[in-house]
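Student: This is what each chain is made of:
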Amino acid sequence: MTHFTSPNMLKDSLLNQKYLASDELATVVYLSLQLEKPILAEGPAGVGKTELAKVLANAMGRELIRLQCYEGLDETKALYEWEYAKQLLYTQLLREKLSQTLSDVSTLREAADRLEKEEDVFFSMRFLLQRPLLKAILSEKPVVLLIDEIDRADAEFEAFLLEVLSDFQVSIPELGTLKAVHMPVVVLTSNNTRELSEALKRRCLYLYIDYPTLEQELQVIRLKVPELSPKLARQAVELVQRLRTMDLRKSPSVSETLDWAKALVALNASALDQQTLETTLSVLLKHEADLQRARQQFFARPSRDQRSETDSFPSAPWRN
Amino acid sequence: MERRIVEFIAALRASGVRISLAESADAFRAVEWLGVTDRETFRLTLRATLVKDAQDFPTFERLFPMFFQNSDPPPLQNILEGLSESEAKMLAEALRAFNLRLREMLERLLEGKPLSSQDFQELDNWFNPSHFTDLRYQNYLARQLENALQFPELRQSIQELVELLQQLGMNRQRVAQIQKALEENRRALQEQIRQFAGQQILQNMAENPPQKGNASLVDRLFQNLTEAETRQLREEVRRMAAALRTRLALRLRRAKDGQFDPKATIRANLQHGSIPIELRHRDHTLKPKLVILCDLSTSMRYCVEFFLTFISMVRDQIRKSHSFAYIDHLEYISPDFERMAPNQVIQQVLRRMPPGYYNTDLGNALESFAAGYMDLLDHRTILIVLGDGRNNFNPPREDLFQKMAKRARTCVWLNPDPLALWGTGDSDMPRYLPFCDLAFQVSNLRQLSDAVDHLLCHPVRGG
Numbered sequence: 070m071t072h073f074t075s076p077n078m079l080k081d082s083l084l085n086q087k088y089l090a091s092d093e094l095a096t097v098v099y100l101s102l103q104l105e106k107p108i109l110a111e112g113p114a115g116v117g118k119t120e121l122a123k124v125l126a127n128a129m130g131r132e133l134i135r136l137q138c139y140e141g142l143d144e145t146k147a148l149y150e151w152e153y154a155k156q157l158l159y160t161q162l163l164r165e166k167l168s169q170t171l172s173d174v175s176t177l178r179e180a181a182d183r184l185e186k187e188e189d190v191f192f193s194m195r196f197l198l199q200r201p202l203l204k205a206i207l208s209e210k211p212v213v214l215l216i217d218e219i220d221r222a223d224a225e226f227e228a229f230l231l232e233v234l235s236d237f238q239v240s241i242p243e244l245g246t247l248k249a250v251h252m253p254v255v256v257l258t259s260n261n262t263r264e265l266s267e268a269l270k271r272r273c274l275y276l277y278i279d280y281p282t283l284e285q286e287l288q289v290i291r292l293k294v295p296e297l298s299p300k301l302a303r304q305a306v307e308l309v310q311r312l313r314t315m316d317l318r319k320s321p322s323v324s325e326t327l328d329w330a331k332a333l334v335a336l337n338a339s340a341l342d343q344q345t346l347e348t349t350l351s352v353l354l355k356h357e358a359d360l361q362r363a364r365q366q367f368f369a370r371p372s373r374d375q376r377s378e379t380d381s382f383p384s385a386p387w388r389n
Numbered sequence: 011m012e013r014r015i016v017e018f019i020a021a022l023r024a025s026g027v028r029i030s031l032a033e034s035a036d037a038f039r040a041v042e043w044l045g046v047t048d049r050e051t052f053r054l055t056l057r058a059t060l061v062k063d064a065q066d067f068p069t070f071e072r073l074f075p076m077f078f079q080n081s082d083p084p085p086l087q088n089i090l091e092g093l094s095e096s097e098a099k100m101l102a103e104a105l106r107a108f109n110l111r112l113r114e115m116l117e118r119l120l121e122g123k124p125l126s127s128q129d130f131q132e133l134d135n136w137f138n139p140s141h142f143t144d145l146r147y148q149n150y151l152a153r154q155l156e157n158a159l160q161f162p163e164l165r166q167s168i169q170e171l172v173e174l175l176q177q178l179g180m181n182r183q184r185v186a187q188i189q190k191a192l193e194e195n196r197r198a199l200q201e202q203i204r205q206f207a208g209q210q211i212l213q214n215m216a217e218n219p220p221q222k223g224n225a226s227l228v229d230r231l232f233q234n235l236t237e238a239e240t241r242q243l244r245e246e247v248r249r250m251a252a253a254l255r256t257r258l259a260l261r262l263r264r265a266k267d268g269q270f271d272p273k274a275t276i277r278a279n280l281q282h283g284s285i286p287i288e289l290r291h292r293d294h295t296l297k298p299k300l301v302i303l304c305d306l307s308t309s310m311r312y313c314v315e316f317f318l319t320f321i322s323m324v325r326d327q328i329r330k331s332h333s334f335a336y337i338d339h340l341e342y343i344s345p346d347f348e349r350m351a352p353n354q355v356i357q358q359v360l361r362r363m364p365p366g367y368y369n370t371d372l373g374n375a376l377e378s379f380a381a382g383y384m385d386l387l388d389h390r391t392i393l394i395v396l397g398d399g400r401n402n403f404n405p406p407r408e409d410l411f412q413k414m415a416k417r418a419r420t421c422v423w424l425n426p427d428p429l430a431l432w433g434t435g436d437s438d439m440p441r442y443l444p445f446c447d448l449a450f451q452v453s454n455l456r457q458l459s460d461a462v463d464h465l466l467c468h469p470v471r472g473g
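Residue numbers (the working numbering), protein chains in the order written: chain A, 70 to 389; chain B, 11 to 473.
Next comes chain A alone, as it looks inside the complex:
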């Protein structure tokens, strides 16, 4: 069915897409492909949950269909909608043809009966606006379906989603039941802003993606920003890891580390001195309070007078 025969093979193929997968991630994804179950990926923001779906689609050579959830999302936005305007337009344009068809009838009842026979013209796929879920179900080629930030959608949408996810078919009253041609690979992501229902969790394989370890994060940087010198990369990652241990309103995530690494390359930085940090720290920390806290921590003047160089800052393990 899929061309992955082991978790390791999947891991390598994700690595080719420049996505560093942990053993856990590879195992869970492999299982979900074999068992045809959706993956529920949870974890802090910016650790690569959405990215996982993207690279998985690339690695499998499939199209990615994305459904971004938000509060108030409903079936018409997620599944399908009749295109009223187009229907109206067609009725207008076909008015002549309609009167032709109905010209030889004598009674109103007969006209209505005849119109009823032609009804399916107006309720056909032609006028059906396909939203992501229906697109994934009807797609001729197998696809990867990403349902992003499911925790932002309302509880009732979650219940509706259950029905779709359990057997991949939808009933449209005017058209009948539509069944999936191919089982899509489904990835759901959640930032855990609210508790998901037990029923939804039960149907999924659970994957928790946490912040990476120092070595993992370093590898990610080497993969994605190879231009950054190894020494600087290590210092940068060490600093980010240290920031994560601090009590911040928003800890820097992997995506922010990557942005920062790119910024360092763009600025042609050769060392993490005070000046570079001052100018680029805002890439990592997005709250003024956090920034101030980090500055206090890193740029605090030491009480000892061992300091000779004015540029490099004290008490930092990544001093050049």
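Think of the hints as simulated: they come from the structure by calculation, not from any bench.
Hints are not guaranteed to be accurate.
Computed footprint of chain A on chain B, listed as stretches where at least three residues anywhere in the stretch have a Cβ under 8 angstroms from a Cβ of chain A [to be verified]:
1) 27-34
2) 39-47
3) 61-72
4) 146-160
5) 422-435
Cβ coordinates follow ideal geometry from the N, Cα and C atoms, glycine included.
Got chain A sorted already, so can you dock chain B onto it with the hints?
Tutor: Same frame as chain A, now just chain B:
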């Protein structure tokens, strides 16, 4: 192996992880695909299929090695083998100094013989550890078993044996070697006992699953709850909160279809040539904003924890909630909820603000609220106070409370004391009561859930 997995699942369930039949079936199917040969893959397979909440990972990680590890006892070394004839003689002579039981134990250590299943059977008969159904008792049970096997005395005896051997003139280096090996063997045996204790408890847990849906607990007074009952009730709270959330969502949904909105309808239907195909309605019910003041003194603990659990479970149906805790002073605790579950938050807050004896001071708390947070209260806010209104004869500052209640849309008081006690002793409840739009007695979970239900599903306008 299948049996083992089933036992493992039963133990996980007994430790409070929710696993459905469908999930355990998934686990078996997944294991079929990936096999059991690679332990790490096997662990990840089970975890991905069984555990659907990151909070349950620690439980899983603690139980997994107890079920799936090479169940060989830890390695023991045979000391006797390496001894020369004269040394063996000396040892035999030295051993004569001990009583029978200790000698047996020492010989076991010297030979490096692990405890057999027979030995454990014997221990089992002495002890009947079947009433231990919580892994936290593992170390306790292990120590009990060690005591039964005279481990404390054994430690002493090893020392004595070493001294005797020295007196008998054995090579000093040799003695040190024997002592080291003996100590290592002793530790290995202890580890074996610890594992045995853990497995016994797990078996008990699997055989006696905790009673589910204990209806009587819902009616139990908060102050009479034991620690174990609280854990059962937490589960119950989650269930009730899930039901509440569905009701709330429905209410909001129905409310959206309330009043017809002509302006919006015309605008929306311009694209259809002003033929009103889509009807628009006003949403007239807005999600409420909450400001919660919680008394964290000892008597109020569970009540507050359950209430905050309710609120955090339905947080997607609430626009915003600000929680404050007070004992003698006020603290803003909402930020803690972003990272932790409510019961952890409360423990954390209690660490910061230790409860003393009779030091509750609501008046002081109201003062600091009025000084710093008055702007949180507006015409959409529901002000909720969870407290017994017992002020230890401190000034009640009901004037401030009146101001706060006036600013808020609705002011609600939840009090765990029975109505008859309001106003007795140091209770200032009657002084606050005139400014509350609603007051509930919440001395057990049923009353609490009714109150929350009433509060959120049937909001009243203050007047």
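Student: Run every hint past the structure and note whether it holds.
Tutor: Taking the hints in turn, this is what the structure says about them:
1. Coverage of the stretch 27-34 of chain B by chain A holds in this model, with 4 residues showing a Cβ closer than 8 angstroms to a Cβ of that chain against a need of three.
2. Proximity of the stretch 39-47 of chain B to chain A, defined as three or more residues with a beta carbon under 8 angstroms from a beta carbon of that chain, is established by the 4 residues found.
3. A count of 5 residues in the stretch 61-72 of chain B with a Cβ less than 8 angstroms from any Cβ of chain A is obtained; the coverage claim is therefore met, three being the minimum.
4. Closer than 8 angstroms: that is the beta-carbon criterion, and the stretch 146-160 of chain B has 0 residues meeting it against chain A, so the requirement of 3 is violated.
5. Counting residues of the stretch 422-435 of chain B whose C-beta lies closer than 8 angstroms to any C-beta of chain A gives 0; at least three are required, and the coverage claim is violated.
Violated hints, listed in ascending order, are 4 and 5; each of the other numbered hints is respected by the structure.
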